[in-house]
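Dock chain B against chain A, hints included.
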Amino acid sequence: MKSSIDVAYVAGLARLELSEQETETFQKQIAGILDYVEALQQIDVSSVPDTPIDPNLPTNVLREDTQRESLPVESVLRNAPKSANHLVIMPKIVE
Amino acid sequence: MQYEAVIGLEVHVQVKTATKMFCGCKNEYGAEVNTQVCPVCLGLPGALPTPNEHAIVKTIAAGLMLGCEIAPICKFDRKHYFYPDMPKNYQITQYDLPLCLRGGVILEKYAFPKDVQKEDFATAQKVIRLVRIHLEEDVAKSFHFEEQSGIDFNRAGTPLMEIVSEADLSSAEEAFAYLTTLRQIMVYGGISDADMEKGQMRCDVNISVRPVGQKEFGTKTEIKNLNSISGVRRALQYEIPRQIEVVSKGGSIRQETRRWDDASGQTIIMRVKENAHDYRYFPEPDLLPVRTDQGLKAEAEKLIPELPRQKKERFMKDFGLSDYQAEVLAQERALADYYDEAVKGSSHGAAIANYIINDFLATGPDLNQLPIPASHFRELAELVGGNKINSKQAKEVLAEMFNSHRAPALIVAEKGLEQVTDTAQLETFCDEAIAANEKSVADYRSGKTGAINALKGFVMKKTKGQANPAVIDEILRKKLS
Chain A
1 MKSSIDVAYV
11 AGLARLELSE
21 QETETFQKQI
31 AGILDYVEAL
41 QQIDVSSVPD
51 TPIDPNLPTN
61 VLREDTQRES
71 LPVESVLRNA
81 PKSANHLVIM
91 PKIVE
Chain B
1001 MQYEAVIGLE
1011 VHVQVKTATK
1021 MFCGCKNEYG
1031 AEVNTQVCPV
1041 CLGLPGALPT
1051 PNEHAIVKTI
1061 AAGLMLGCEI
1071 APICKFDRKH
1081 YFYPDMPKNY
1091 QITQYDLPLC
1101 LRGGVILEKY
1111 AFPKDVQKED
1121 FATAQKVIRL
1131 VRIHLEEDVA
1141 KSFHFEEQSG
1151 IDFNRAGTPL
1161 MEIVSEADLS
1171 SAEEAFAYLT
1181 TLRQIMVYGG
1191 ISDADMEKGQ
1201 MRCDVNISVR
1211 PVGQKEFGTK
1221 TEIKNLNSIS
1231 GVRRALQYEI
1241 PRQIEVVSKG
1251 GSIRQETRRW
1261 DDASGQTIIM
1271 RVKENAHDYR
1281 YFPEPDLLPV
1291 RTDQGLKAEA
1301 EKLIPELPRQ
1311 KKERFMKDFG
1321 LSDYQAEVLA
1331 QERALADYYD
1341 EAVKGSSHGA
1351 AIANYIINDF
1361 LATGPDLNQL
1371 PIPASHFREL
1381 AELVGGNKIN
1391 SKQAKEVLAE
1401 MFNSHRAPAL
1411 IVAEKGLEQV
1421 TDTAQLETFC
1431 DEAIAANEKS
1441 VADYRSGKTG
1451 AINALKGFVM
1461 KKTKGQANPA
1471 VIDEILRKKL
1481 S
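Protein sequences, first through last, are from chains A and B.
My numbering puts the first sequence at residues 1 to 95.
My numbering puts the second sequence at residues 1001 to 1481.
Hints were generated in silico from the structure; no laboratory data involved.
Please note that a few of the clues may not be correct.
Not close to chain A: a few residues of chain B, all C-beta gaps over 10 Å, as computed [unchecked claim]:
#1 T1035
#2 P1084
#3 V1116
#4 S1170
#5 Q1184
#6 Y1281
#7 T1428
Here are the computed lysine-lysine pairs in the DSS-like style, where the Cα-Cα straight-line distance is at most 30 Å [as the list claims (entries may be wrong)]:
#8 B/K1344 to B/K1317
#9 B/K1198 to B/K1302
#10 A/K28 to B/K1088
#11 B/K1392 to B/K1478
#12 B/K1224 to A/K92
#13 A/K82 to B/K1079
#14 B/K1395 to B/K1126
#15 A/K82 to B/K1088
#16 A/K92 to B/K1026
Computed from a predicted model, the values in this text were never measured in an experiment.
Ideal Cβ positions, reconstructed from N, Cα and C, are used throughout, including at glycine.
Only chain A is shown next, with the shape it has when bound in the complex:
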């Protein structure tokens, strides 16, 4: 089965504005990539057990619940295009 990705749909989800020309170009490019990956489908994996988690991975790499220093608020806001009263400001979110 050939996989396909609808570029226009994905662009919509990703809030990307693509021109018709771009959509067409990316659609072709993505199809090429999918064809390439499709080669994997030819491998017979029927003898490999279905494991949602690789049993060879290390587990429980966790941290203790201890506090570390946060950033000064000036640094936090440095990447924000707009801020006021230490809040990051953006166009009104309409629910």
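Chain B only, in chain A's frame:
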């Protein structure tokens, strides 16, 4: 046609930890805006998350308290969507392998709103099954102004549990009882303060209606913006009849998200769900799997306290409390601990429970900061039990105790309330009473037993109210027989 409601709840509970889920920023409510953030919770390029062990342990503990199966191994996934409150453009959550599966909540009578506790459905001990509990990170907090919105990222990345129920609930009252019970368990286990008004517990309601007997679900709506447990009840009391009205008139319900407006008492349409969200879940490549069977579950087991149901049963069995008394005291952990402290080494469990429930709670104290040492109640119960003061005097002591917070024995001594228990003295008074009340004596002897009260009153007056009425009664009856 008869209709029934089918309700499922998704409850988000903030996990009480010192730090956030994947970084060491403080997890604290109400701090100065944007002061508890770092490259990890801001989603800056290259920053890597590391899970907070304590948050995982607490989530497992919540699962154990709710009778869930704990997954021996689980993982985290990315859920993608674009919204200003989520700096990474994906939320780290758990998709197909959550920490806890199944389990359930028993709806006890006392979890229902007071006005319906006598109804049959409140005593049915219905079980609401859970689908799952998973652990994820919370999003930032948005503030909406006239023309723009502002974001505070302090909450972004704090640990959040999502508890998903089966659609087993069938009324506004059951939803109320379910949330009350969940909240109680979260608070008991120290998992969360679960204050809905502070957003520590948040609830989305999925509700549909169908003709009784029909198997298929009707089209559901989702209700948001519910800020209190009673608000959830009110929203459902509005939404259930609204849907029934539409459907019974031949109309159809649209799948939509509605907002509860507590002021107007209505649910208002927010948006129509056009198509299901495409969240493009995939396993979080920056995080390794979590095994619960290598110590985490054992840690969680250590956190589990005696739960309300068990506490209630113990109070009834060990201290002879009534169902009602035990229920009231077991409802809040702070109060239950207080009672346990008060009753320590005493054989007057029921009396102590009475003072606390009927007298102390009536003064409306802050349960988390009870001003009276618990041992005062034990001391008072001993004084009454040992006939040092009578129950009328106990009330006087209680009033003074609530006022000055001083110990009962001290109050008794100061006020000279010590009961006259010197029987020789009481005998003399009784003789005087008989001599001075010939008519009452004659009435009593002729069968009007109530006449003895006049004699008792005489003696009580002589002792300035400080005698044990039962003792006087006994002496008088002996003398008159």
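The hints, checked one at a time:
| no. | hint | in the structure |
| --- | --- | --- |
| 1 | T1035 | 5 Å, violated |
| 2 | P1084 | 5 Å, violated |
| 3 | V1116 | 33 Å, holds |
| 4 | S1170 | 29 Å, holds |
| 5 | Q1184 | 24 Å, holds |
| 6 | Y1281 | 12 Å, holds |
| 7 | T1428 | 72 Å, holds |
| 8 | B/K1344 to B/K1317 | 15 Å, holds |
| 9 | B/K1198 to B/K1302 | 28 Å, holds |
| 10 | A/K28 to B/K1088 | 29 Å, holds |
| 11 | B/K1392 to B/K1478 | 24 Å, holds |
| 12 | B/K1224 to A/K92 | 20 Å, holds |
| 13 | A/K82 to B/K1079 | 27 Å, holds |
| 14 | B/K1395 to B/K1126 | 41 Å, violated |
| 15 | A/K82 to B/K1088 | 18 Å, holds |
| 16 | A/K92 to B/K1026 | 28 Å, holds |
Checked against the numbered hints above, the structure breaks hints 1, 2, 14 and satisfies the rest.
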